[in-house]
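2 protein chains.
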Amino acid sequence: MLQNDWQIIEAGGITSALGFQAAGVACKIKKQNKDLALIYSEVPALAAGVFTTNKVKAAPVLISQKHLVEGTIQGIVVNSGNANACTGQKGLEDAQKMTQLAAEALKLKGEQVLVSSTGVIGFPLPMEKVAEGIKAAAQELTPAGGLAAAEAIMTTDTFPKQLAVSLEIGGKKVTIGGIAKGSGMIHPNMATMLGFVTTDAAIAKEDLYTMLKTAIDQSFNMITVDGDTSTNDMVVILANGLADNPTSKLGTPEGEKFQAALNFLTACLAKDVVKDGEGATKIVEIKVENALTQEDAQKAAMAVATSSLVKTAIFGEDANWGRIICAVGYSGAEINPEKIDISLASAAGAEMMAQDGQGLAFDEAKAKRILEEKEITILIDLQIGTEKAVAWTCDFSYDYVKINASYRS
Amino acid sequence: MLQNDWQIIEAGGITSALGFQAAGVACKIKKQNKDLALIYSEVPALAAGVFTTNKVKAAPVLISQKHLVEGTIQGIVVNSGNANACTGQKGLEDAQKMTQLAAEALKLKGEQVLVSSTGVIGFPLPMEKVAEGIKAAAQELTPAGGLAAAEAIMTTDTFPKQLAVSLEIGGKKVTIGGIAKGSGMIHPNMATMLGFVTTDAAIAKEDLYTMLKTAIDQSFNMITVDGDTSTNDMVVILANGLADNPTSKLGTPEGEKFQAALNFLTACLAKDVVKDGEGATKIVEIKVENALTQEDAQKAAMAVATSSLVKTAIFGEDANWGRIICAVGYSGAEINPEKIDISLASAAGAEMMAQDGQGLAFDEAKAKRILEEKEITILIDLQIGTEKAVAWTCDFSYDYVKINASYRS
Chain A
0 MLQNDWQIIE AGGITSALGF QAAGVACKIK KQNKDLALIY SEVPALAAGV
50 FTTNKVKAAP VLISQKHLVE GTIQGIVVNS GNANACTGQK GLEDAQKMTQ
100 LAAEALKLKG EQVLVSSTGV IGFPLPMEKV AEGIKAAAQE LTPAGGLAAA
150 EAIMTTDTFP KQLAVSLEIG GKKVTIGGIA KGSGMIHPNM ATMLGFVTTD
200 AAIAKEDLYT MLKTAIDQSF NMITVDGDTS TNDMVVILAN GLADNPTSKL
250 GTPEGEKFQA ALNFLTACLA KDVVKDGEGA TKIVEIKVEN ALTQEDAQKA
300 AMAVATSSLV KTAIFGEDAN WGRIICAVGY SGAEINPEKI DISLASAAGA
350 EMMAQDGQGL AFDEAKAKRI LEEKEITILI DLQIGTEKAV AWTCDFSYDY
400 VKINASYRS
Chain B
0 MLQNDWQIIE AGGITSALGF QAAGVACKIK KQNKDLALIY SEVPALAAGV
50 FTTNKVKAAP VLISQKHLVE GTIQGIVVNS GNANACTGQK GLEDAQKMTQ
100 LAAEALKLKG EQVLVSSTGV IGFPLPMEKV AEGIKAAAQE LTPAGGLAAA
150 EAIMTTDTFP KQLAVSLEIG GKKVTIGGIA KGSGMIHPNM ATMLGFVTTD
200 AAIAKEDLYT MLKTAIDQSF NMITVDGDTS TNDMVVILAN GLADNPTSKL
250 GTPEGEKFQA ALNFLTACLA KDVVKDGEGA TKIVEIKVEN ALTQEDAQKA
300 AMAVATSSLV KTAIFGEDAN WGRIICAVGY SGAEINPEKI DISLASAAGA
350 EMMAQDGQGL AFDEAKAKRI LEEKEITILI DLQIGTEKAV AWTCDFSYDY
400 VKINASYRS
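Chains as they are written, first to last, in numbering that gives the first Met the number 0: chain A, 0 to 408; chain B, 0 to 408.
These are computed hints drawn from the structure, not numbers from a lab.
It does not matter which identical chain is used: a pair holds within one copy or between any two.
Each computed DSS-like pair below joins lysine-lysine, with the alpha-carbon atoms no more than 30 Å apart:
{"#": "1", "residue 1": "K338", "residue 2": "K54"}
{"#": "2", "residue 1": "K27", "residue 2": "K365"}
{"#": "3", "residue 1": "K96", "residue 2": "K338"}
{"#": "4", "residue 1": "K365", "residue 2": "K89"}
{"#": "5", "residue 1": "K134", "residue 2": "K30"}
Throw the hints in and build the complete structure from the sequences for me.
Spelled out as structure tokens, the structure:
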């Protein structure tokens, strides 16, 4: 074991936990590449999900929310290339039909299947292709299919995002695995941040949602590429209990151990999403410390992470702390403008640029060297409390504009 | 008289109203060009101001807020090239000193002068240069100095922004004039949207602030270039009463007439700011109609105006309505996703892209022609109420990134 209570599983992903299978196939919803994934638990699993807060919700979001309320889940069907959003009654019927088709292929009931889509907004799903894809994917389901599923949910992502960790709970080995795709709205009419997590841990039914939400609030909810919340965002966890551990509850040491590993897993996947942000050349970690409340720390960190001006300055490797303090100022976080310290750090060193809200005569050459690195940390000390938060973003490059100015594909 | 109750004054500006003088000089705060402006009313004027909501407020903002409370105003001193923000106690002393120096030159008391700054954050003002500039500007004050003042407040602005209108109130000719500069944070460490309005109208003291706030809420508060609220934003109005009209009050026909003209003037100046947004190639008007409340309409319009994805799509001339409805969805405005119509319009025609929340099989070629124009309107009909709002933004181009990635100047 490492210093932490969990271990990363080499090449692990959504099928690393016991009893999970997956597949990813190409069924021509997209012009090329895999575009349909199935995730399957051999036994019914407890499930919880966190969905987009956008008031315009895609049909699969509405159907999955319904199925989560109705019972335990055994399958997830996901397509990329078409978001099935702004598609009206037909869209709802199509999303429902996807769960039925997957249920038939997997010998389940429709309510035991969740559905998720990502891609172009406003066009009906090509249901014949989808039906063929579901059939093909069901036949290819395998405990080795995690990577194929990670690939099939990609849109403009340039690499698949997957991770798995194992830990011991009550003397049993427990595994958590996950896959994710592209953050924010990341292509002309392409949408969506999707994340799927599986675990063989036995988790107290009443705690699973809280555990997922806690993990997301420190990971997927703390990243931004362009600040736009899509119509299709969804992160779901399935817990099938096959690890046979004593049921984990929040507020117990074993429950907290599971939470910490889940936090780590979702944070890694979220950082991968930022690293793969459109046009990104750098990943930026924004650490806010000594805030009055956790919410204040998160607000300040996310305002800096979302600022186009901070992001273009990072792209330009310009130690422009005035934009950082400005973003903190309009973040809505409780602050004392005369108490804010701002530093930069990377593998090339660290440099404080402002102290107690005022600029220092800092070493510009050193700051430039720090910013030349690919991974940069902005440290903001608010000096009025003890709470902290971390957000992640990428820089804002010419290529971001180029990718997003081009026509819908 | 036009259909409206006011007339535009050819080449009019901040000195078009009776009794106002101005000057703009170069005193080397910036490497080149004018960088210090004085605005002077020959008699004490009622004054009101609206200031940045950023919790990090520049020193001149704090000093001007104090002077506005203390009495009537006769002078405004403005410098560009240095924001005097994040400069601590020294910054406050410098801002105070600027008002004293201007007051001495104009034979006023310090409290009768407002001060405003825009430019680099975090560096102390070069007070010797500022002092020389104030002296020189005071000597150059003239009723023909409006354009020079408009030029002296520019930072990365590519053209000066000024306008004046005249109207009749109670049988007297009344004039309103104004100047403005750059929106949002518009340069590496350069900040600030500034606006200054002068009028010779006699306005009821208790109504002046409300009139200004009403005008700003429909103009400067409805524009965005990059979504960042600076530390120095400020819009101020001086009303010196020299037109000798019966005092205008809100809720009277004459008061409303003045309000309408003031709204027009500030909207024109605000649109000029957007037109001159960094890297802008197009100006986009976002009209939201039939919202439940005025606030909902404003929220929806501003979310669309601020979306990097909408702005890059406009730059790419891509009729990407999915991004528009997505921004409406996360705006916080009350909506019914199944009631939203979205159209595009410009000099090249109009085309509806989505109706009742669903995509139409619209004419892509025509949409492209509409988007090839320089001035574009996005019309969003929420169909759930009767309230409306208009926001303005510019597109998001390669040059935006280029300008904002470069080093602080």
